[in-house]
Structures are given as C-alpha cells and as structure tokens.
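Chemist: Chain by chain, the residues run as shown.
4 protein chains.
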Amino acid sequence: MAKLWQKEPNREIERFTVGDDFILDRNLLKYDCLGSIAHAKMLCKIGILTKEEMDSLVCELNKIIKMKDNFAIKQSDEDCHTAIENYLTEKLGNMGKKIHTGRSRNDQILTAIRLYEKNGLKEIKLAVLNLIKTLACITEKHHDTAIPGYTHMQKAMPSTIAMLFNAYSESLKDDAAFLDDIYAIIDQSPLGSAAGYGINLYLDREMCSSLLGFKKVQYTTYVQNSRGKFEFLVLSKMSADLLLFSTAEFGYFSLPEKLTTGSSIMPQKKNPDVLELIRAKSKLVAGYLFQADLIQKDLISGYNRDLQLIKEPLFRSFAVTEECLKITDLVLNNLIINKEKCKAACTEDIYKTDKALDLVKKGFAFRDAYKQIKEQPE
Amino acid sequence: MAKLWQKEPNREIERFTVGDDFILDRNLLKYDCLGSIAHAKMLCKIGILTKEEMDSLVCELNKIIKMKDNFAIKQSDEDCHTAIENYLTEKLGNMGKKIHTGRSRNDQILTAIRLYEKNGLKEIKLAVLNLIKTLACITEKHHDTAIPGYTHMQKAMPSTIAMLFNAYSESLKDDAAFLDDIYAIIDQSPLGSAAGYGINLYLDREMCSSLLGFKKVQYTTYVQNSRGKFEFLVLSKMSADLLLFSTAEFGYFSLPEKLTTGSSIMPQKKNPDVLELIRAKSKLVAGYLFQADLIQKDLISGYNRDLQLIKEPLFRSFAVTEECLKITDLVLNNLIINKEKCKAACTEDIYKTDKALDLVKKGFAFRDAYKQIKEQPE
Amino acid sequence: MAKLWQKEPNREIERFTVGDDFILDRNLLKYDCLGSIAHAKMLCKIGILTKEEMDSLVCELNKIIKMKDNFAIKQSDEDCHTAIENYLTEKLGNMGKKIHTGRSRNDQILTAIRLYEKNGLKEIKLAVLNLIKTLACITEKHHDTAIPGYTHMQKAMPSTIAMLFNAYSESLKDDAAFLDDIYAIIDQSPLGSAAGYGINLYLDREMCSSLLGFKKVQYTTYVQNSRGKFEFLVLSKMSADLLLFSTAEFGYFSLPEKLTTGSSIMPQKKNPDVLELIRAKSKLVAGYLFQADLIQKDLISGYNRDLQLIKEPLFRSFAVTEECLKITDLVLNNLIINKEKCKAACTEDIYKTDKALDLVKKGFAFRDAYKQIKEQPE
Amino acid sequence: MAKLWQKEPNREIERFTVGDDFILDRNLLKYDCLGSIAHAKMLCKIGILTKEEMDSLVCELNKIIKMKDNFAIKQSDEDCHTAIENYLTEKLGNMGKKIHTGRSRNDQILTAIRLYEKNGLKEIKLAVLNLIKTLACITEKHHDTAIPGYTHMQKAMPSTIAMLFNAYSESLKDDAAFLDDIYAIIDQSPLGSAAGYGINLYLDREMCSSLLGFKKVQYTTYVQNSRGKFEFLVLSKMSADLLLFSTAEFGYFSLPEKLTTGSSIMPQKKNPDVLELIRAKSKLVAGYLFQADLIQKDLISGYNRDLQLIKEPLFRSFAVTEECLKITDLVLNNLIINKEKCKAACTEDIYKTDKALDLVKKGFAFRDAYKQIKEQPE
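Chains as they are written, first to last, in numbering that gives the first Met the number 0: chain E, 0 to 377; chain F, 0 to 377; chain V, 0 to 377; chain B, 0 to 377.
Honestly, the hints are just simulated from the structure, not real lab data.
All figures in this text were calculated on a predicted structure; none of them were measured in a lab.
Incorrect hints may have been included.
One copy or two, it doesn't matter: identical chains are merged, so the pair holds either way.
[Unchecked claim] No farther apart than 25 Å at their CA atoms in a straight line, the calculated lysine to aspartate or glutamate pairs in the DMTMM-like style are these:
| no. | residue 1 | residue 2 |
| --- | --- | --- |
| 1 | Lys296 | Glu139 |
| 2 | Lys40 | Glu311 |
| 3 | Lys50 | Glu11 |
| 4 | Lys296 | Asp328 |
| 5 | Lys215 | Glu322 |
| 6 | Lys67 | Asp328 |
| 7 | Lys257 | Asp143 |
| 8 | Lys121 | Asp173 |
| 9 | Lys338 | Asp353 |
| 10 | Lys215 | Glu256 |
| 11 | Lys360 | Glu374 |
| 12 | Lys140 | Asp367 |
| 13 | Lys124 | Asp180 |
| 14 | Lys140 | Asp173 |
| 15 | Lys50 | Glu122 |
| 16 | Lys132 | Glu52 |
| 17 | Lys172 | Asp328 |
| 18 | Lys338 | Asp203 |
| 19 | Lys132 | Glu122 |
| 20 | Lys373 | Glu89 |
| 21 | Lys124 | Asp179 |
| 22 | Lys40 | Glu205 |
| 23 | Lys373 | Glu13 |
| 24 | Lys121 | Asp179 |
| 25 | Lys370 | Glu139 |
| 26 | Lys40 | Asp367 |
| 27 | Lys215 | Asp179 |
Could you build all of it, start to finish, from the sequences and the hints given here?
Modeler: Written as structure tokens, this is what we have:
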C-alpha cells in the first residue's frame, strides 16, 4: 500500500530512505499505539472525533498492541506509523484517516521514542539495583578477605575484597541517581508539537501528556543519548579488574569452567571471553552514543531526516546495556574467590605506610617517618 | 628543592612526567590551600597537630591564597601540592611536613579538583541563566515577527522569531537543571580516602567534608566530565541557525560591522567569524570530553597516573564553555533582525497545512483534505 | 552439534559470547572456504594430508561456496568456522578434523576478514571512480555556469558549477589513491600465525599467501578500520552543499519529485531526505570506526576476544560506504541545475576583488586598491 | 597596528576570534616566510614586482626566519601573516603591501601549514625508524629468552621476548609506510588558490609549487589529521604490555629507579608513571584527531573560519607523537628484563598444543589428539 503522500518514488531512493525502519520500529509498535490512543481521546474531547469513532479507534489500537510481533510492518509501509494507519483505514475507513488530524509524524515518533526510553530507563535501573544487591552479598561474605590495593598497577596498601567490590557498588549507586536525573529531563510530552511549529488548531496537549504519564508538556531530546554510558564506566572497569586478577599470575579470582570458553588449538585453555566481551561492549555503546551525538551536531533547528538514524544506536544502547548488566550479575554469582592466593599476595612491603604512621604516633613528622622506613632494608 | 621522595630521577623522564602541571595547577592553587586548611583543622582535632601548629599553618595557607599568581610554582616543584608543601616547610619547618599526615596526593588533588569543578559549574550556570534572560528580551520584542519554520531545511510552516529563540531558551533551562544534577553527583568529599585504600589512622572525614562545604563524604569522579557538552548542543545549533539565516539569500539576521571580520583579499566581505568559531568550539569541547573519557577507559581500579592528563581537558572545557556562553550573549545583544526580509519569506505555500485544517473543521478527514490541497495549483 | 572443545557451557553465557556471529559470518563464508582450500593444499604439500584427502576437502569446500545462503550457519555452530568444520566432518569424517592441523581460529578468521576487506576495498574504489565520471559529465556540461563562491557562508567571489563539482572529484581522486595505500598495507597473509605465537610444525606460509593472492606473509590489522572515513568527507560535504543550495532561498539546485519525500502533514513539502540521510550516514561510519578503534585500544598483545566485536562495525562500514557512493551517483544523475537562479545570484559585490586587481594592473599596491574599492558606495 | 581591513572591531569579539593564534603561529613563522619568498619570486616573474622589490622582500623575509623567537607576533597582529606584512610594510613601505597581490590568507596559511606538516612527518618518521633500531637490539639480545604467549590474558603458548618486541617493530614498519602515504597525499601546493576560487590574474602556481618543493599543485587537507594515530596504536599497546609484565605478579620487566616515581605516602613505591602517561597520551592524540575531524564535518565548501581551530590539535598531535616516540625509546634502552622470572613463567600447560601436535605427527587427526591431551591430568 502506498505511502501517505501518494507518489511514485524512485525504488532505490525509497529503499535507501526507508532503511531498516520497518524492522527497527518493532521496538516502537506498542508505544506508538499508546500515543495514538491518547491522541484519539484528546481529539474526541475537542470534537474532532465522535465518541463512537474514538472508541473503535482505541479498540483497534489495543488489538494491535496485543498482536505484538503478529502485526506485520512491511517494507512498503516504511515504518510502524504508516503500517498502523493503513491497518486502521482498512478496518475503519475514514476514521483511520481522521486520527492523524493535528499530528505530524515528527511529534508522533518523538512521543513513541520518549515512551520507549522511559520504559528502558526503568528496566536498566532495575538491573543496576539488582547488581548492587549481588555486590552487597560478596562484600559481606568477604569483608575481611585481604588483598593488596593497587596504584599505578603496583601493590600499594592493604585492602580487602569488600573494599574492591564496594567501589563498584558506590559507582552504581551514583549511576542509579543519574538514571533518575535523565528520566526527569526526558519526562516531557512532545505530542502536539506537530512538525515542531505547533498547529493552527486547538489541541489539549496537557490531556495527552497526563494520559501518557508524562510529567509535563515540552520538547527536548538532547540528553536522551547519554544513557548506558555511565553504567559501562563501572562494568568495563570491573571487567578489566577481573581479567587482571584472574590471570594465573595474580590468581585472586577464577571462573567456573561452564562460564569459560576453550581454544580450538590449545587443549589447556579456559578463557574468560565473557569478561572480554563486556569490556568491549562498553566501546560499542560509546560508539552508539557518538553516532547519535554526531548526527545531531550542527543540524539547523526544525526536524531533519538525519535524526531517523538515531533510532538504531538508541535501541542498541538500551539492549546492550541491559544485557551486560544481567550477564555481569551472572558472572559475579559464579565468581570463585581464591582466598589463599589473596592472602599470599599481601606481602611485607604493602605495610610500610602503616609502619611510618606508627612512628608518627610516636611523634615523628610524617615526612621523617617516611624517609626512615624507606631506607630500611627490605 | 627536590621532590618529596628524595631521588635523582632521569631529567627527560621528569620533564615528561611533570608535563605542564606546574602551569595548569595555577587553576588549583586556591582550592588546594582550602583543602589543606580543612585537613589541618581536622589533624588538630584528632591530636596530630597542636592548636599553635594548626593556626600558623592556616595563616600561611591563607597568605598563599592572597598571593595568587605571585606565588611561584616552579617546574622543579612538579605541581602546586609540592610547591605549597615546600613553602610551608621553609616557613614553618617540621610543621610543614606534618600537615601531610594521613593524606595522599591522590585524595589531596581530587579534593582540589572537586572544589574547582563545583565553582566552575556555578559560574557556568550563571552564564546560562544570563543568556536565558537575553533570549527572553528577544522573544518578547519579536513575539509576532513571522518567519517560516523549516523542516528538512525547506520552508515548512508559519512560525515566529519568538518560537525560534524560545526553543533555545527551553534547551538552556534543561541544561541548567542538568548542571544541578551533575553538581549534586560530584558534591562529595574525597579528602581522607588517601591513596584510595583508606589509612590506618583515625581521620574525621565528616569534619573535612563539612568544612569544605561538601554534601557528603565519598569517592566518585566519573560524571564530572560531561559538563560543557550540553550547553554546546544549543550554542552550536544557534550558531548554525544564525549562520544560515544571515546569508544574503535568507537575510533574516545580520551582525553589525563591529562584530564581523573582513577579508584580506575581498573588499566587500563582512564575515560572521564569531558564529563560526562558536560552532567550532563546540567540537573542541566534545574533543576534551572525549579525551577525559578515553583516558579513564579500562584503567584498573586504584589510582593510575593516566588520570593526570585529564586536568587540561577539564580546565579547558570549563573555560571554553563559559567564554562561548558570554560571547553568544554579546552577539545576541547586537543581533540585527530584518523584519521585512522575514515577512517576505513567509510565502503562500507555508499556509497549506492551515488550509487543509480549515477543510478538517468543515468535516473532512485530514488525509482527504491533505490530498485536495496538495492537488491545488500553486 | 557441540563446539570444538566439547563442554557444557552455561546457555546464557553461550548466547552472549556467540552474539550475532552466526549471522554476521555469512559475509565471511566464501572467504573462509577460500582460506581453508589454501590451507588444505599446503597441508598436503607438507605431508599432513594425502592427495586424496586434499582433493575431497577442496571439493566439499567449493560446494559450500556454491551453496551460498543455502549453507546453514546455526546459532549452535557459533560461527562459520565451526559450521564448515562440522559439515566437513559429517561428509568426510576424520579428514574434516585433520584440516584444522596447524591452524588456530585466530589466524583462520583473520585470513577470511582480510580477504573480505580486500574485496570490499576493490568494490568501493570502483564506486568512487564511477562517481568521478559522473562529476566529470556535470563539470563539462556546466563549465561556464556561473555561481558565487562562498567563504564564511557569505558570497565571496565569482565561481562556476564546474569549480564546485571539480573540488569533489579532486577529493575523490585522493580518496582512490588512499584506498590503494590501505589495500597495500593490509595485503599481508596472516594464515599460519596460529594463535599469534606460531606453531611447532613446519608450515609453508609463503605457499598459502601466494595461493590466496596476498603480496606477503605478515600480521597486521590496525589500519583496516579507516576505510570509509575519507570517502565520506566528500560525500557529506557534497550533501551539505546540495542541501543548502537546494533551499528555496538559494534555489541553485532541485531534485525531481521522484527523488524527494513528502510530509504527512504539510501538503506542499518535497523534502530532500536522501541528502539528509547521506549526510547522517557519514556519522554512522565515523561511529563504526570509533567502535573498532576503541575496542582495540589498550588490549595487551595477543588475541583478545574483544576483537570479535569489530566484525559488525567493519561489515557495516563497507556496506554503508558503498551504498552511499551509489545513491549519491544516482542523485547527481538526476540533479536539476537552475541556471537562471545561479545567474541571478552573481550580484555586483562578488566582483570587487577583480576591480581591485584591475587597479593593481594599473600599478596600485594591492592594499591601496583594496581600500579604494572598499570605500566605493555599493 | 590595525588589521588589514581597517575597522574598529568590538574588543571582546576581537580577542575571541584571534584566540591564541598569535602564540600558535610561532610554529608557522618560518614556513609562512618560505611561502612568501616563493610567492615574491613568482610575482617578480609575472611582472607584478620588480627584481629590486623582490630582492629586498626576500632579504627581509630571510631576516625574519633568522630572528626566530625574537620576531614578535603581538596579539594586535592577530596572526603571523599580519605580523609579517606589518613588518615588511614598516621596512619597505609599498612593497610590503604589494606582496599580498594575488594571494588570500586562505591559501597563504594552507601553504604554511602544509610545509609545517611535511617537516613534522619527516621528523616523526625518523623517530619511528630510530625506535625500530632499538627494538632490533632487544630482539637480537633476547632471541631465545622464553616467555609465555598470552591470549585472552591467559597463558597460551611458548613464546619469546624476541617475538613480543618483533610484533611492535612490525607494526612500526607499517606505520612508517603509512607516514609515506600521508606525506604523498598532502605533498600538493595550495599556494595560488586564493580564497579557494582562484583569482582573476595570471599566477604561475607551478613555479611556486616547485620552489617550495611540492610534488604538484592542488588543494587537499582532509587526510592530514590521521597523523599520530597509528604510531600510538603500537606505543600504547607496548605500554599496556610493559605495565602488565612489570607488576610484581608477572615481574618479567622492571624499570631502573631513576625512571620511576615514588609515592608521597607509601615509602616502598616505585611507580612506572612514564608508561602510564604514554598510554594516556595516545588518548590525547585521539582527542586532537577527533577535534580536527568534527570541526571539518558538514562545513559547506569554501573556507569557513571554523578551520582556524584545527591549528592547535594539529600542532599538539605532532608534538605529543614525537615526544612519546622518543621517551619510549629512552624507556626501552633502560628496560630491565628478568630472565629468571620469564623462565619460571613458562609452566607445563603452555606446551599442551605441542604435545597434541606430536600425536598428529604420529598420524592422529588434530581434533582427536586435542581431546586426548585435554583429558590428561594436569
């Protein structure tokens, strides 16, 4: 079925401009229906739709939500918005056309994406809180398992497994707070902004906003894309630590065989591929953020088609972030901590600062104590 | 005077590792003294320093703050921390050494940087609020100056100068909110975390934290570097708009000659260099953020010297961001808006959506109205 | 069928580590078979395989190449390498196992990717040369169509359509040269490097290298990822130019309706989405390059599983780059150049430099001529 | 003295647009003079300057080159070009003005930068070749010092110090080749392209080009910015390796005390700060490249002032790259290799692949040999 603006576009250009939208939009189907339901109710209130029209539109839209992946979005539909409108027009004729009154696809898609993001942020926050719980168990169990603390990748001072894992969960707590901040900033309803220049028709934007559970009516997209980034700052650091501390040379940690991968040529290998991939996936998310960021750069005000290409990096960042949070949780729940290796690693030298401080307690200036201890033979 | 740990380092290596710290640290001098004052008061409370020692240390540190750029940080000092300690030791002998008790340069510098950042965020927020005021004046003055709204860089619908500038200030309001969020996350006192592994000595970290005006005691650095980025999303977009709308072909805006630059070969040129540079500086800040980001990536837990190199991108982002906010304000206060050009640009075609909506009000389904208007001859 | 190293891995971890490899590897199927054919012939020469074994292996591998997408790569296979080995073992029993002698998947996949890249670079170069031809037609047809040349986005000096499009093709010529440089650097055979540490078995790496058409035997991956980037420097600049010069306000160019897209709300719109998407896709490629780059950063020597994640950005960059080169060519072949608009745009002021130079020819110092002309009334 | 186009610009705007150019341009002083000398000789040939005028101009320009840092570039001069022209006008009056005939600052600065880059690439290549020599000494000395080869950060197969350092020098050899490729692409003379639209005056661009030692006349800037990046791929990897292998837990390498740094709180520390900084500086260069890249993105054709801001990242990348190559060389010349630690690390398990291959030589299929060895008790 043809696109809304009835025209015979060049096939190659069409394929190029449509891209993978008809696939990517599966992520938005539910949210676009929810947006349309709110819009329909509002159009009814302002007298564009009759009660009956609104009811049957809402009913069909709910059917689509239930159909889930059984609702087809064909490449010829271009995207979920046209697919839905074509479906409604087929079922309800004119009404299916009426629902688009006072709405541009620009605000329609922004609404769907915003709802998608709000849901995604909620799920990521759950995964973060869950990971914090797991870390708490480890720190409790190993509150007194001593390991060296490292600076410059060299043994520095006495520390514990608990201190190491506590640092991760402290970071994650700030991440959770940051997720709330981002949520608050994107919690604004774009529905009714039309092509970005309003519309010569009275729309009750407040009504749509509250029906959709937005905190307020407004337009803003530019913060949405930092999601995922901060969670990974801790995930990839944790992977880097675990990879190092799992080498035969350190040996503080190891993974059970069922979490490792073998080599096709080396019989003895048990590789921590999962940690390497988590470390690497943080780079993918950085790249998605970078794409979204670049695409927005220097566009003049008003909608530019460039923004369509932000969809994929956006969906992927959410998916990869949530996946890695869950896999990390699985890894931690199976992590083997080798107490003896940890203990053995706590060699004499890491207690030198303490020795200097003992002298301080005896009245030495720290710098003098420092020198005296430094000059002592190993 | 030699570095704290008395050693004869290789000269080239020393120059390489010190880098520009002795220059960059001018930004931190005041904040490092404030940190040391708090630390001294705390050491006095826990009995490491006598009241007299503390008083004279605080007195000398306040002198340094007053000296400002007259206080020398020599390359041989490596950084402001050593310069200050050497100065104190010279003036007060042993006491100058004692103040370093229970403190590592790792937590000392983090404290100074955190205080620097908190101050920087405050100043940037002021500049943002100021720019919002300026935008308000323009929108008020031009609430009914019509211009076309653009999508896909093509005329789309009727709009106004007010709507255009309102979008900027809406973004800036969210930026201001976001600055508060970042401030809240970094508002934690690192003083007392020593090398990151605590210290075998009772320190009153709460006391230092409240003396320094931190909200709580903790350790976190990873969010600090997104500052600057969001403000520029609007600044560079505004520059892109103004550059386009100031071309002879659009002509909506122009800059007074005193804000433009000429050409060395073309007598007629009046170039909007200032807007081009604001547009470009957003890329510099993106680059600084990128550097800070990369440097932190995949470092194992614990201090790594790599982090020293975050100082410069950090200081520069703050400086460039604040400068561009102020210059943009200056440009807006001098911007010439050519009402006639704006009016002339509002051609027939941009009212076609309104015409379609008139039909809708007569009962047409929007899609049908759309087609009828579309088929009307220009 | 189970993975090579016989083990019962955790299902979630397996799904996570396998990722989309079983899909992505469709790009490598042909090249992995070619690599195996060369390896089999070499194993035969050094006496690990008999002539008969080699013949039947080569025969089956050629069958797989012919099967193309009919050859299944199941998720349980993990990747194309295992899928192929399982297939061979099924068909030929022991021989299917023997072919893996003296080869690690590390060098096996590197070989396949290298062959894929060499082919991709060739195809991109063809598209570039093709685009240069198209540009030549335009420049020839419009060698005297005058338009203003712009600096600082302001009219600067007299120029022509030919000069504008010539700049693009000059860039593309350098791109073509650069593609050759990259090709030369990656034209090295990794086959036989095993896990990166050679192998305790005499392998004739020279033989494999020449069978596969590599220039020499060696190991290098780090340049491969800049492909795509340079071509886009011109494509996105060209899009930016065409978008600007196609605005109603400039009007030098326009696209035939069949290459434009309409609006769902604005009846009059004919949007150049295709140009916006080309502009934006350059950002995607920048992001893919960025991902590949980050993933490699700071990995210690030797294979790290992180590298698996470079596959997708690599394949995508090649695909997007080639696609955009072809679409741009299509756009240029349909571009409408509005001669009158171009002529009308060549206003008096852009000839002021020429006037100054006329005075120079009369003996004035350029600076004085410049001032005299500048002071002349418009 | 006033800028060329005689005007009273707003002071703040002037400071903002000039930025640090008057400082940065110290890097270009010599090259801009060389460009002007070639331009003067050409102007003489085409009859714009008399032999006497040309001679005195060339003489003064050579004086400036000799003056080096004693030649002042004042902020009021804006950049080195104006400073030089003001100086010449002061000394030679009218002639000083005449030399600017047929030249825009756009092509003038591009010429100076291009000459700067060509020189910089030469020096970097020298440093690369030098480092390759140093690596050769190490590999020769340690051709049989065994260490484990690592994959997935786990011991994998037997390797040697020679193999490890050979990989670095192989990479550096490709870097050297790549430097030549970049050199070849930028080896084109922009002098005479004026503002990018040529000039209505006969200029002998060939003459300037050959006087300046360019291979050909043309316009291209877009490749220049990848310099530095590839060298760092090996430098930062080497640092990552050395940092890991220098931990107490690995202990293969160590740095002499004079190349390490101490801790202000931990008496025992000897930190490899130099390696951490080299690792981190690779991120700075990535950031500079990123800035240069972003700044160029989506600018329309023709000069845009944005490009001015590429100067600093360009100069810095060259400086940082050369510095790190030299420091790395110094580190390698002082690196201590602990043979015993290396030997001790070569544990039984890394020989399992060899054992499997022994079975292969006895006729086993590799997969069967693999399984048999795998099942052997440790």
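Chemist: All the hints need checking, so say for each whether the structure fits it.
Modeler: Tested hints:
{"no.": "1", "hint": "Lys296 / Glu139", "in the structure": "neither (47 Å within a copy, 28 Å between copies)"}
{"no.": "2", "hint": "Lys40 / Glu311", "in the structure": "neither (30 Å within a copy, 44 Å between copies)"}
{"no.": "3", "hint": "Lys50 / Glu11", "in the structure": "neither (43 Å within a copy, 49 Å between copies)"}
{"no.": "4", "hint": "Lys296 / Asp328", "in the structure": "between (36 Å within a copy, 21 Å between copies)"}
{"no.": "5", "hint": "Lys215 / Glu322", "in the structure": "neither (31 Å within a copy, 32 Å between copies)"}
{"no.": "6", "hint": "Lys67 / Asp328", "in the structure": "neither (29 Å within a copy, 39 Å between copies)"}
{"no.": "7", "hint": "Lys257 / Asp143", "in the structure": "neither (28 Å within a copy, 37 Å between copies)"}
{"no.": "8", "hint": "Lys121 / Asp173", "in the structure": "both (15 Å within a copy, 21 Å between copies)"}
{"no.": "9", "hint": "Lys338 / Asp353", "in the structure": "within (23 Å within a copy, 33 Å between copies)"}
{"no.": "10", "hint": "Lys215 / Glu256", "in the structure": "neither (51 Å within a copy, 39 Å between copies)"}
{"no.": "11", "hint": "Lys360 / Glu374", "in the structure": "within (19 Å within a copy, 58 Å between copies)"}
{"no.": "12", "hint": "Lys140 / Asp367", "in the structure": "neither (39 Å within a copy, 43 Å between copies)"}
{"no.": "13", "hint": "Lys124 / Asp180", "in the structure": "both (12 Å within a copy, 17 Å between copies)"}
{"no.": "14", "hint": "Lys140 / Asp173", "in the structure": "within (23 Å within a copy, 43 Å between copies)"}
{"no.": "15", "hint": "Lys50 / Glu122", "in the structure": "neither (36 Å within a copy, 54 Å between copies)"}
{"no.": "16", "hint": "Lys132 / Glu52", "in the structure": "neither (50 Å within a copy, 46 Å between copies)"}
{"no.": "17", "hint": "Lys172 / Asp328", "in the structure": "within (15 Å within a copy, 38 Å between copies)"}
{"no.": "18", "hint": "Lys338 / Asp203", "in the structure": "neither (64 Å within a copy, 32 Å between copies)"}
{"no.": "19", "hint": "Lys132 / Glu122", "in the structure": "within (16 Å within a copy, 38 Å between copies)"}
{"no.": "20", "hint": "Lys373 / Glu89", "in the structure": "between (85 Å within a copy, 23 Å between copies)"}
{"no.": "21", "hint": "Lys124 / Asp179", "in the structure": "both (8 Å within a copy, 21 Å between copies)"}
{"no.": "22", "hint": "Lys40 / Glu205", "in the structure": "within (12 Å within a copy, 55 Å between copies)"}
{"no.": "23", "hint": "Lys373 / Glu13", "in the structure": "between (73 Å within a copy, 21 Å between copies)"}
{"no.": "24", "hint": "Lys121 / Asp179", "in the structure": "both (9 Å within a copy, 22 Å between copies)"}
{"no.": "25", "hint": "Lys370 / Glu139", "in the structure": "neither (37 Å within a copy, 41 Å between copies)"}
{"no.": "26", "hint": "Lys40 / Asp367", "in the structure": "between (78 Å within a copy, 21 Å between copies)"}
{"no.": "27", "hint": "Lys215 / Asp179", "in the structure": "both (16 Å within a copy, 19 Å between copies)"}
The structure does not agree with the numbered hints 1, 2, 3, 5, 6, 7, 10, 12, 15, 16, 18 and 25 stated previously, though it agrees with the rest.
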